[in-house]
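Novice: First to last, the sequence lines map onto chains H and A.
For the record, in the first sequence the residue sitting at position 176 is 176 according to the working numbering, with numbers rising by one throughout.
For the record, in the second sequence the residue sitting at position 6 is 6 according to the working numbering, with numbers rising by one throughout.
No incorrect hints appear here.
If you only want the chain H side, here are some residues facing chain A, beta carbon under 10 angstroms, derived: (1) F135; (2) A146; (3) S156; (4) G157; (5) V161; (6) S162; (7) L165; (8) I168; (9) A169; (10) L172; (11) S175; (12) V182; (13) S183; (14) L184; (15) F186.
Derived list of chain A stretches under chain H, where covered just means 3 residues or more per stretch with a C-beta under 8 angstroms from a C-beta of chain H: (16) 26 to 35; (17) 92 to 101.
Calculated from the structure, these hints are not laboratory results.
Heads up, the beta-carbon is just placed ideally off N, CA and C, and yes, glycines get one too.
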Amino acid sequence: MNPHLVIAPILLPLLVAALQLLAGERRQRIVVALSLASCFALVGVAVALLLAATQQSAGGVPAFVYRIGDWPARFGIVLLADRLSALLVLLTAVVALAVLPAALGRWQHRGNYFQPLFQFLLVGLNGAFLTGDLFNLFVFFEVLLAASYGLALHGSGARRVSAGLHYIAVNLTASMLFLVGVSLIFGVTGTLNMAALAELIPSLPDHTRALLHVGAAILGIAFLIKTAMWPLGFWLPRTYAASAPAVAAMFALMTKVGIYVLLRLTLLLFGDDAGPGSRHFGADWLLWGGIATIVAGIIGLLGARDLGKLAGYNVVISSGTLLGAISLQEPAVTVGALAYLVISTLGIAALFLVAGMLAPEGEEDASDALPLEPYEPLDDAPRVEDLYAEEDERRVVIPAPVAMLAVSFLACALLLAGLPPLSGFLAKFSMLAPMLDATAREGTMALFTLVIVAGFCTVIAMCRAGIQIFWTDVDRSFPQARVTEVTGIVLLLGTCLLLTVVVQGPLGYLHDTANQIHDRANYIHGVLPASESEVAP
Amino acid sequence: MELVLAIAIGVLVASGVWLLLRPRTFQVIIGLTLISYGVNLFIFSTGGLRIGADPVLRDVVGKFEQYTDPLPQALVLTAIVIGFATTALFLVVLLTSRGLNGNDHVDGGDGTP
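One chain only, chain A, in its complex shape (with noise of 0.2 angstroms):
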């Protein structure tokens, strides 16, 4: 499972850093999109890989090895909702630009130098 997750990661990432380096301006958000994805899987792993395990503490006697860690999952909630903000707000800057410009190309050119 440690595998799959660490592939899945990777690719998101490694898409997600081609695209960040392309000319368009939606190239740019749709690459920061995928990276943003790959770090919160990256931050839920980081808790461990468990399936099935509670992370609310359900008896007063247990042991550690029942309950997953909370902690990332809430890290993880966090930077969903602040990249989800973040994410928009770009978005209504792409847009601006390419009314201003005329185009999509980053640096508001047409690409041609």
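In isolation and in its complexed conformation, chain H is listed as follows (with noise of 0.2 angstroms):
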């Protein structure tokens, strides 16, 4: 397997987008028909990593360490390709293609360089799922951040840039965040690589153990704030439901950026070999976060008055519970995080390409989401024997993309609620059993009562939004549905229902997945070989 492999998921689309600048907005053909080309390529280049990472042992060490410049891990920068880093690029290639066709429709001409601005979103994203150097993923994450700013105010409008406005100020304060507590880990230990960190922290003095807490902790806080923990995720509803719903489809999987990189770091950096003072650090907040996370994401969704919202609240709802999960530390119960990682980012970027289709057509502003309205009985309700006698006399015809909009609302309210038979079910199933054998951490049975409760009230929400948009009126004018569109939401649901139906290969590899990234000896041997460990800086 060639080596180089492993950047190419960053330079090809860095390398397009360039391209695509120089072509101009006027040559749109030969600017879609390039991204097109890049989506397709970072598929097929994510399952290439993605089997080469499977066909390495399992455990063992990452199946690709790219020393950049092959500078020693040290000293220069390493890109690193394990299970974990191959799946979430795979996951990235997945939602873009699926993105990038809904996007070719009524989104793309409402405003300039959406094209390149997704390509550049790929960089960032593959990057920070790949690199194995603290700074290099500030770098990345800028790059990503940058992009995103780009694409939140697609499309402009009065409520559009009030909502940017928002996210880009709590974005770029907790980037400070980010320096300041990557620049305190430096101080401290003098590297930023992030296997020699894991190695060094057994190790480190009391007197500045305490100082790299500070600095980690301040650093997550960073995290936290992109992965929208409460009382950290205020911006996210408004943003999401503001933005274009391709862009919002897509940002559905930044706020797993935040997980990833929570999961990674408290596992390397604070696992349970960490060391007296260092073990388990971190753990109980984020536990806890993601439990309070839950329940305001609960909130909201019961309260939520448009289809932008409701899906923006079930990210939040999705990100608590992976909080949660990944806190415990249990490899059993991150296989499952991860199973419902995937599910929900999936599900959740088909109900934003739905609501997008479903919004009203042609207004530019305010109104872009569908609203719902509150409920109000009526006064003077037919009779159940009426309804029973007028039944017969109309018949409906549901047009066909009304039909297939509502199976699949329907699909995605099964999805994100976790009911069988959809792999939403699976997910929650394979990450909810093992909880109960872990229930020694405090709070554990809080978090299985609060997901359960999150599903049904999901539920609830979902039905109430589904009933108000497909049991309405029968006269009112459903908007046109482009094939683009649909393409992308059957791509999406279509994964889903394919992972439904083969379950044994991906929950194998989870769970080699898991096992490889609790034990984090692998990768420091992977990053950094024994005759290299010698060469003490």
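Assemble the dimeric complex from its two separately framed chains, guided by the hints.
Specialist: Encoded structure:
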């Protein structure tokens, strides 16, 4: 396997974005063709990475360690693809491939440079998943955030600009915290390589350990802002609801970057063998933060007044569930959490796309998202007998696009609530079942209960929304469904459906992934070979 | 020297946070800029404060004490560039918001509930 494959998911979209900028806004065909080619190629590269990661024996060192410029890992920057990174790169590629055709419809022409920005977003996402260096992680975070600022504002309009203003201000502040955290850690340890950090932390003297914890906590806050943990996540529903649906579908993936980094860093730096002083540092914060986030998400979900906000609060619930699950640091729970991460990302992305198709067409501002009216019982409700009498008189023909949208909406609801028969149920079950065995940590039962309650509340909220949208006045006109938009939804939901049928392989892969990331010796030896460890700085 | 630098960083960040919490977009952007200055100085200081030391090896043989740590300087350079670019972007959004809403309140209203 070509070792340069690791850097391909970063270089490819970067190159394509540059070419698209050169092609300019007028040559739309070339730009779109380049985007499509890039997304297909990314899926291919991600599958190749995944296969390479699978071929290594269970556990084991990462499949690829790529030294940029061939500098030794302690001095240079490494890129690294193990099972977890390969999985998330593939998830990114699949979501991108599904979102891109959806964006080709009405959204692409509401502003400039949609396609290059989209490619830059992919550069940042893939880079953040692949890097093995904290400062390099900051750079890729900034790349993906800068692209996301542009995308969040895509289409303009007062509501979008106002939400985007808050989004940018919050994220710029988070970036500052990121820098403070990184430099504190560098000041204490003298390195920013994640493997070298993991190796150093158990043997740190106690007087510097406190400073390291301060640095890690500040760094953690930066990620938690991006993951939208309560109370740091009030920016999320508003921004996601205000941005263009295709963009919001892609943003569903962005909160998962925060989750990925937290999972990676807590296991690597503060895992089971990080020494008595640092063992499970911050895990309680993540657990209770996750619980609070789920509660906030439920409240928001039940009170959501438009479809965009509804989907946004689903993102919040998903973040909270994942935060709680990864804080337990149990390999069995991590397996389920990873499955839930994949399924909920696909489901939420599909929900955003469905919401986008339902949105009233032609209006540029304010009512881009479909509003949901509060429920008002009718005083002169018809009696049940009347309803039966009336039933056969009027045959309602449901147009195909509406039927398709309704089925998609139902599938999203099932996936997000975690109800059988779709894969959402399998993912939630494989996450919750091991939690019952891992009740040693205080709060595990609270998390367990809340995840189930959240599923129930998702059912309520989605039912209410579905009734208002689809069981409404038959004369209401639905916007035309475009083939491109439908393709995206079908691709996302089809992947979920496929994961319902083919379970053994993916779950086995996730099982090996969890084992690999829970044994940090794999990571350290993969990045710093024994011969190199002797060259002490 | 450490004390002077610590006070400078503290004053910059404290003023930045105060401005960040103000209701006008212009104050917010100035606040963000001040915080970013403070953070940049902070990164700079993590390598230890030295005067007149080289960041690049000049002699083949030498002691570590002769040199300053070059890495924080590289980090701070990257941070400055990225901070500058994002601030410029924020400025554009600020102007757009001003144009669309007709005022410079962060919520788009005129501040009266």
